[in-house]
Every structure is written in structure tokens, then in C-alpha cells.
Amino acid sequence: MSERFQVDLSGMVDLLSRHLYSGPQVYLRELIQNAVDAVTARAAMDPSAAVRIRLQTGADEVGNATLEVSDTGIGLTSDEATELLATIGRSSKRDAALGTGRAEFIGQFGIGMLAAFMVAEEIEFTSRSAKPGTVPIRWQGRADGTFDVTELPDAGPEVEIGTTVRLTARRDMSHWLANETVIGLAREYGSLLPFDIAVRVPFEDGGHGAPEETTWRRVTEPELPWRIEYPSGSARSRALTEYCERTFGFTPLGHIDLELPVAGVSGVAFILPQAVTPGSGQHRVYMKRMLLSARTDRVLPEWAFFIRAVIDSDTLSPTASREQLHDDEILLGVRDALGEQVKRWALDTLRTPSRLTQQVLQTHHLALRAIALTDSDMLSLVSEVLPFETSDGPMTLAAVAAQGELVYTSTTEAFHRVAAVARAQGLVVVNAGYVYDSDLLAKLASKPGWNVRELTSSDLVQVLGMPGVEREMEAAGALSVARGVLADEDCDAILRAFEPETVPAMLLRDSEGEHKRDLDRERGETPDLWDGLLDSFAGESQGRTRTLVLNDRSPVARRLLASPGSAVFDAGLRSLYLSAVMLAGEGLRSAESAALSDSLGVLLDAALHSPVEPPASPTSDTDLDADS
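Residues 1446 to 2073 in this note's numbering are what the sequence shown spells out, letter by letter.
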């Protein structure tokens, strides 16, 4: 014989609170959803019926906190109450008498009432159905899993059509039914609902009213804030700014309207006044104007982290907890469409110089770079309006490209190594060492009309000044000795004339050669460990991987080249080389640090043991007079 499953109510409540809902606070959302569905069903049956939802806190005779939620909705009969409230998962939306498949309903009645047990020890449900010939009923459920349904044939006309749900709090949950908590939760979840929802609060009249007097405070707005008509665009902007300040707590740089009628989606996005990290986008999403979640990431693309959006939808599918969205094809389409609207706003707005444009570019350049990586139109926009660091100061990529070839360094260290010299020689180099920049320039290189490439050592060598033939012959011997000294470092030495003269030497590197150099060094340190494996990667030598460019305009370099073949020359050259390595942004290895220390020691010894001419004695005016 088949038997029905037995459900432990306390176990179900624990399951809801720990694994389905984010916390006990959702109990009020579920009760408001039930009331909204009830008044929606009543309005469909009788458009002239009152639409009203009221919340009132209090205490029972022994001091336990209570909350009453009353509505003028369709109500329930005795049979409906038994079926909907005692059957776990039963939904009023699936009930033929209450409107099967009605899209305007928000929640599931049975689950919503069950959620109330997260904070309540007892729930009393009094209702009068709008169906003719029915009598009021009272349903009483307790946390131990028992319930009673009683018909009230003698209740009389004082029991109006509609429903009143009365919660009696558990002793450890009384704070969830406190008046200020209820007001806050009602505003949080239901502020955009198009119904008259109010909470009873103490009367406030400047202190003249009696303490026991109360009044109703409405917590809902009759119209979506972004759809209210205003006399001017500036008035609308001010109103939306105030709404953003109330909702998110910041003053936005501006706003972007979001509208997708085909998917029943509308809203507004606010531009953050400060930069944030990628992946931190948290948007408020409403389902049929009831808050679904204040922290939803997937409704807009990941790159839209520079805005905070408020979105209302009639079509997106919530999860079972009604606190997140199902990541289905509809959500994917909505996300892409809203992303296109944000991009279109950027394309239409940021090409026009304005205070807003300047603020957005300064604050959210990282987000714009992220969008440009995946969108060709945004890539063009970024190249036109976004300033990049160059050796000639901040410039747009389009301005650099207009001068001819666009040359860049892929690391900030490489840029700082060559920037001063490149600027002095009239070569514009873009610093692409920041996040996204190298990828952006690589994408630009593939676009027609763009001549983009990474800086190489030969670029600087070609623009540096060549010494005259006589000077080149004069320094040839010293350069030959210098190449021998630097041979162990796989470094060549050449002589060029460049500004500034305060830089005695500059190190140029070839990226592919550097890779081979590292392999050679590791192979030399552990010849037996790799057993020739690194040899297959090294390939054949293509010349030295580094070049030390000595500056013929620097007094230090000229003095060094004037005395080759001595210990002081070797030490001085190594000091210049290792200083150039550090200026290139590299750290010194232990062997290099030791070599620098040894070189400085040689230079100090030579300086300390060289004869020092005594200073000339001062000549007094008396002596001058005597000599004369």
C-alpha cells in the first residue's frame, strides 16, 4: 500500500533558512508578494475594488512581538486555505480558481507562508473570499507542524473581503518584527510596487501628538522613478540623482537610460563617481517591481563594472529563492542588449568634449579599455578620446598614429628606460605597460589603416646621433676593449651621441635574445639537470642580445673611453653597465651585485691613491700690496 511522505516542518524551515534563502529577512518579502498577488487577482475580478496593503506591528498579551499584514485581495475559502497553506510547494498561480498561469502574479503562496515560520512561532490567517456565498475562515498554523482551519459563519460584515496574516514571533526572532525593521524591509523590497502599501508608525507632529497616536506611512512609489515625466531634462537629471543617492548612497557622474520593451525590461544605470575594480558590479533587479536582489552581477556584462543599474523586468526567470536570476538564454539576450545600449551611450557621448566626458575618461578609463578589447567601435572610440602615456606627454593613439608609425613598449620598465632619450631624439613612444594596453595596441595593429608595432633596439639606435668619422676612429680601440669586457654578459658596446648628457649609458635589449640569454644562463648553472633539453629551445645564436649605448655627449663616458686597457676602465665600464641594468627596471642578481661592489671598490682605491694637489693658499690684500 502506498503512503504519503511525512514532512517535518521544523526541518523544512531550517532547510529554507540555511540553503534556499539568504536570511530570515525574506519572510516579509514573501508576505508582501502574497498580498500583491491577492490584490492583483481581485482587481482582475473587480476593477473597482480597493487596492490596499497594510502592515502593523505590536505585541500579544504575554509580550511576544507580532506583525499583521492585511490586504484587500481576493481572499481564500476554507478548501483553498487547506490546500494552499498545508501543501508544501503549492502555488496560487497554479490554482484554476485563482488564475492559472497568470504572468502578473509574483510569488508562490504556500512557500511564502512557510517562509514566515523562519521568524514566527505561530501564524494566524484570517480571510474572506470574494467569491459569492462564502464565509470567512481562520487558519492557525504552529511551528510544530500542526494547523487548524475554522469557518466563521457568524463573523458578520466586519470581516471585509481580503486577508489578514498575523505572525507571533519566536523569542529569538522578535527583532525581525520590530517597527523600524519592518519599515526598512518593506521599503527595501516593495518601494517600487504600484500599490498603496503602508506601515503604521507613531504619529509625528513636532511633539504635540499623544505618544499612543499612530498614522500610516506609505512605503511605495506610484511610478517607476525613471519613467516619471518632468518639465525639463535638467529636472529629470536632478530627480534621478536624488534617487541614486537614496538608493545607492553616492552622487553619480550621470545616468544612462535602459529600455528593452521586447523583453519587458526597463531601468536606469548610474555612473560611479570613483574607479572600481573589475567584477565588482552589483545591480538592483526587480521582478514585476518587487525587489529580487540588490546584488545581481549577471544582468549586465562584466565590463560594465563602472555603473550601478536599477532594472525592472517582467520576463526574466528567478531562481527558487527569488534572490537571483536563472542564467538562461533570455538573460543572455537581455545582458547583450543592455550592454549594447551602454556602448551606444559611450559612443554618442564621449566623442563630444564636456565636463561629463572629462570626468568619465579620467575616472573610468580602465572600464573603457575593457570594453574596447571586445568591441571594434569602442576600440576606435578609445583610440580617439583616451589619453595614453607617451614619451612626448599624454596623447591619444590617433594623434600618435597621425605622425606616422605608432611604436610602443609592452612594459612600463622598458618605457621608462627609453622615454627620456626617445623624447630628446623626437621619437614618440607609447607606454603600453598598463593593464589592457598591450592587447589594445595588438588589436589596433590588425585594423586597416593602422601601422602599429612594438619598439625594438634598432629603433633607438637609428635615431641616435652617429659620431663623426674622426671620433669613431678615435674611440674604436676603447670600444673593442669594452666589447671584450662585456662579452660574458652577452652585451655589445656602441658609441652614439644623444640627450640628455646626464645619462652616460643606456641599455637596449632584444626580447627574443633575452629569452635565449636566460636559457643559456640556466643551462650553464645546471648542465646535468636538463640533459640538453634547454639546448633544443635555445637555437643558434643570432648575435649579442644586449647593447650598451655609451653617450658621447656625456663627460663621464668620454673620460672613460679616453683610458682603455686599465683596471679602472674595466671597473668603470662594468659600473656603467650595471647602472644601466638597474635603470632599465631590472634587479641585480647576486653575482651582478658582487660585480658592482668589486667595481666600485676598484674605483675607490684608484681615487684614494691618486695624488691630490693641495689647495692654493689664500692671498691677502696686504700681500698683494707688498708684491705690487
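Bear in mind the hints are in silico, worked out from the structure with no lab data behind them. Treat the hints loosely; a few may be bogus.
In silico EDC-like links for lysine to aspartate or glutamate, alpha-carbon gap of 20 angstroms or less [stated by the list, open to error]:
#1 Lys-1888 - Glu-1774
#2 Lys-1892 - Asp-1935
#3 Lys-1788 - Glu-1829
#4 Lys-1576 - Asp-1617
#5 Lys-1788 - Glu-1850
#6 Lys-1892 - Asp-1837
#7 Lys-1788 - Glu-1747
#8 Lys-1576 - Glu-1528
#9 Lys-1892 - Asp-1933
#10 Lys-1892 - Asp-1781
#11 Lys-1788 - Asp-1820
#12 Lys-1788 - Asp-1822
#13 Lys-1576 - Glu-1596
#14 Lys-1888 - Asp-1822
Consistency of the hints with the structure:
This hinted pair does not check out: Lys-1888 and Glu-1774 have alpha carbons roughly 29 angstroms apart, beyond 20 angstroms. In summary, the hint linking Lys-1892 to Asp-1935 is not supported, as the alpha carbons are separated by about 37 angstroms, beyond the 20 angstroms threshold. Under the criterion of a C-alpha separation no larger than 20 angstroms, the hint pairing Lys-1788 with Glu-1829 is consistent with the structure, at around 15 angstroms. Only pairs whose Cα atoms come within 20 angstroms are accepted, and Lys-1576 paired with Asp-1617 is rejected, the gap being roughly 39 angstroms.
Only pairs whose Cα atoms come within 20 angstroms are accepted, and Lys-1788 paired with Glu-1850 is rejected, the gap being roughly 29 angstroms. A C-alpha spacing of about 24 angstroms is found between Lys-1892 and Asp-1837, which places the hinted pair above 20 angstroms, so the restraint is violated. Our distance criterion of 20 angstroms between C-alpha atoms is met by Lys-1788 and Glu-1747, whose separation comes to about 13 angstroms. The hinted pair formed by Lys-1576 and Glu-1528 meets the criterion: a straight-line CA distance of about 17 angstroms does not exceed 20 angstroms.
Taken as a hint, the Lys-1892 and Asp-1933 pair is broken in the structure, with Cα atoms around 43 angstroms apart against an allowance of 20 angstroms. Proximity of Lys-1892 to Asp-1781 is assessed by CA-CA distance (about 24 angstroms); at most 20 angstroms being required, the pair is judged violated. A threshold of 20 angstroms between alpha carbons decides the hint, and for Lys-1788 with Asp-1820 the separation of about 9 angstroms falls inside it, so the pair holds. Among the hinted pairs, Lys-1788 with Asp-1822 is consistent with the structure: their alpha-carbon atoms are about 9 angstroms apart, no more than 20 angstroms.
Distance restraint check for Lys-1576 and Glu-1596: the Cα-Cα separation of roughly 15 angstroms lies within the 20 angstroms cut-off, and the hinted pair is therefore satisfied. A C-alpha spacing of about 12 angstroms is found between Lys-1888 and Asp-1822, which places the hinted pair at or below 20 angstroms, so the restraint holds.
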